[in-house]
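Asker: The listed protein sequences derive, respectively, from chains A and B.
To convert, count from 1 in the first sequence and add 1080; that's this note's numbering.
To convert, count from 1 in the second sequence and add 68; that's this note's numbering.
Calculated directly from the structure, the hints in this document are not laboratory data.
The model shown is predicted, which means the values in this text are computed figures rather than measured ones.
Keep in mind that the hints are not guaranteed to be accurate.
To be verified - Using 27 angstroms as the maximum straight-line C-alpha spacing, the simulated DSS-like pairs for lysine-lysine come out as follows: (1) A:Lys1118 - A:Lys1391; (2) A:Lys1310 - A:Lys1087; (3) A:Lys1310 - B:Lys171; (4) B:Lys231 - A:Lys1310; (5) A:Lys1200 - B:Lys231; (6) A:Lys1200 - A:Lys1087; (7) B:Lys298 - A:Lys1200; (8) A:Lys1238 - A:Lys1200.
Stated by the list, open to error - Covered stretches of chain A (chain B as the covering partner; in silico rule of three or more C-beta atoms under 8 angstroms from a C-beta of chain B): (9) 1127 to 1133; (10) 1199 to 1211; (11) 1239 to 1253; (12) 1273 to 1287; (13) 1294 to 1307.
Stated by the list, open to error - Cβ pair distances, simulated, as ranges: (14) A:Arg1093 - B:Arg306: 43 to 53 angstroms; (15) A:Asp1261 - B:Val146: 44 to 54 angstroms; (16) A:Ser1270 - B:Val146: 17 to 27 angstroms; (17) A:Ser1371 - B:Pro281: 41 to 51 angstroms.
Glycine residues also receive a C-beta, built at the ideal position from the N, C-alpha and C atoms.
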Amino acid sequence: MSETKPKADKYRRVAYYPGCALEGTGHPYNRSTKAVGKALGLDLVEVENWNCCGAMEVKNIDPKVQTYLSSRVMSIAANQMRMDVVMAPCNGCYHNLKKAEHDLAHDPASAAVVDRLSTKAGHPTYQPGQVESIHALEWIKGAIGEDGLRERVKGGLKGLRIANYYGCMYTRPRNIFPEKDAGPGSESTSKPHFMDDLLAAAGAVNVEFPLKTACCGGAHTLSDSDLSTKLVLNILNAAEAAGAEIIATECPTCHSGLEMHQIRAEKRFQRKTRVKIVYFTQLLGLALGLSARQVGLHENVSESRELLAGKGLG
Amino acid sequence: MPIHEKDLIRPENLRTHEQLTVDGVDVSGHWSTFIQSRVVTDYNEALEDEIAALPGGEFIHRCWQCGSCTNACTVNAVNPDFNPRFWIYLVRIGMEAELLRDKDIVWQCVSCNKCTHICPRDVNPEGVMKAISHWLELKGHTPKSPSMVFDEVFSDQVIRHGKIEDGRTIRRFFARTGQALQQDWLIEMAKRLARHLPIGLLARLGFSAAIAPRTRGWSRARAAIEDYVKDQQATQRRALGLDGPGGPPTTREGA
Ligand code: SF4
Ligand code: SF4
Ligand code: SF4
Ligand code: SF4
């Protein structure tokens, strides 16, 4: 990790780890992340032949296998591709990369298992510190920043009222995110603001939203659907009460959890909410002058095109 | 004086009297409820070690019962009986019978990590919740929870192929838990997706069963992981005093 290079340079070209969700239900997030990267002149090089990070599931079979899964991705980026930075748009992937980095540096037992599995699998063992893993929010914030974004937006988001939803895995638990809560300019684990900052720079109005890091029950979205619906409904209601027209998301699991349980709340419990759910990269894309199609609004389940077109966006 | 360990009072041990006179003094009303004393003798002294032998439970001994985890807990806010601090207490003092009273809700932990984030002792209560649910299943106190089934279906795909595909995971999960895939809200989701999605993507989402994403050259990694998981499971079963070899690493229905 070359700490000397400023982030603006270091993040211009990153290894891109889309993860499984972005190849399925999270496809519009994949599309808009790439489109925004291109519009901003940033270079995304997909991690070669990547594997799943194990999401929130494999750790319940065995946490060290989960650590191995993320370490393989970082090993490819570092040893095969010679990259310094791995960028993941999915909170799950990002969280697991950070967790693996932390465990490999602090827990000799995890390091030993990862070494054994890597050797048997036939690739170099990832050594902590070889790459820096970042979330898509940190990527744009670091490479372009608010000022850079302000210079580039065409038209902007026209005062669109947004509730920013970060979910669980982007900030918790704090010990795997040593760079957060680290003074001025750093991200906060209790009141994250990177998405707020970027969208404000793109011309949106961020509403005061108390449930930024509330949990949507994603881990049990299918196995305990009623609980998930209840938790999602809290989030949707709080966003509407705060005056939001849109909930901006930065994770495919959070995003589809909100979409899915918004429908479920309506179908099963006759609790209808109107707030639209849109990826932050889709919003940034629109602000940068990309079309609704280019950012994949038509691929979202939550139908936001009419609302956005009404404001002259897309 | 509030009763701190209210949960330890069993409802059947509460004695409430409409009219009550004690030593000639009428104490009806406010003083009419008594708790029948009981002596606990059925401790499982090995309980803490057993939980600590399962993944996630390793640091349970660090807990000093501050209650921050329960205070922060997402599920506790919805169901006050879901109480991580209390369960950690029961495990640590070996009150297995008390723990079993809540056996059917432990699995509901949503892994939001609010507890692990706030815990001042680095106990990893989220992991402890997983360890306890796992223990309950291994000991046969509870059937496999839907969430464990989901974890297995999911992990099985990752370990076999290196990647997962959401539609396939959903179908397998519904099949294994015996639920119909034709749920009104899922159909509505699918309809809304189908309106605009390109056919290729629909196929990837599992509306066609033919395509499974894979990581190339994954077989060596798969073999290494399967070996390791089998080892771990055997070790865990030994630590819990269960005989025989560990079961298969994960579930085993069609690729
Ligand atoms: S967290 Fe989700 S998207 Fe990321 S690799 Fe895992 S399953 Fe795939
Ligand atoms: S908010 Fe939901 S999907 Fe997002 S990280 Fe938390 S549980 Fe997962
Ligand atoms: S927060 Fe930690 S120390 Fe406090 S009760 Fe929970 S597990 Fe124990
Ligand atoms: S991870 Fe589980 S136990 Fe911990 S706060 Fe969340 S729901 Fe509660």
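Asker: A separate judgement is required for each hint: does it hold in the structure or not?
Answerer: Tested hints:
{"no.": "1", "hint": "A:Lys1118 - A:Lys1391", "result": "holds, 24 angstroms"}
{"no.": "2", "hint": "A:Lys1310 - A:Lys1087", "result": "violated, 40 angstroms"}
{"no.": "3", "hint": "A:Lys1310 - B:Lys171", "result": "holds, 22 angstroms"}
{"no.": "4", "hint": "B:Lys231 - A:Lys1310", "result": "violated, 30 angstroms"}
{"no.": "5", "hint": "A:Lys1200 - B:Lys231", "result": "holds, 19 angstroms"}
{"no.": "6", "hint": "A:Lys1200 - A:Lys1087", "result": "violated, 36 angstroms"}
{"no.": "7", "hint": "B:Lys298 - A:Lys1200", "result": "holds, 15 angstroms"}
{"no.": "8", "hint": "A:Lys1238 - A:Lys1200", "result": "violated, 55 angstroms"}
{"no.": "9", "hint": "1127 to 1133", "result": "holds (count 4)"}
{"no.": "10", "hint": "1199 to 1211", "result": "holds (count 3)"}
{"no.": "11", "hint": "1239 to 1253", "result": "holds (count 5)"}
{"no.": "12", "hint": "1273 to 1287", "result": "violated (count 0)"}
{"no.": "13", "hint": "1294 to 1307", "result": "holds (count 10)"}
{"no.": "14", "hint": "A:Arg1093 - B:Arg306: 43 to 53 angstroms", "result": "holds, 49 angstroms"}
{"no.": "15", "hint": "A:Asp1261 - B:Val146: 44 to 54 angstroms", "result": "violated, 28 angstroms"}
{"no.": "16", "hint": "A:Ser1270 - B:Val146: 17 to 27 angstroms", "result": "holds, 21 angstroms"}
{"no.": "17", "hint": "A:Ser1371 - B:Pro281: 41 to 51 angstroms", "result": "violated, 29 angstroms"}
Hints 2, 4, 6, 8, 12, 15 and 17, counting from the list given before, are not met by this structure.
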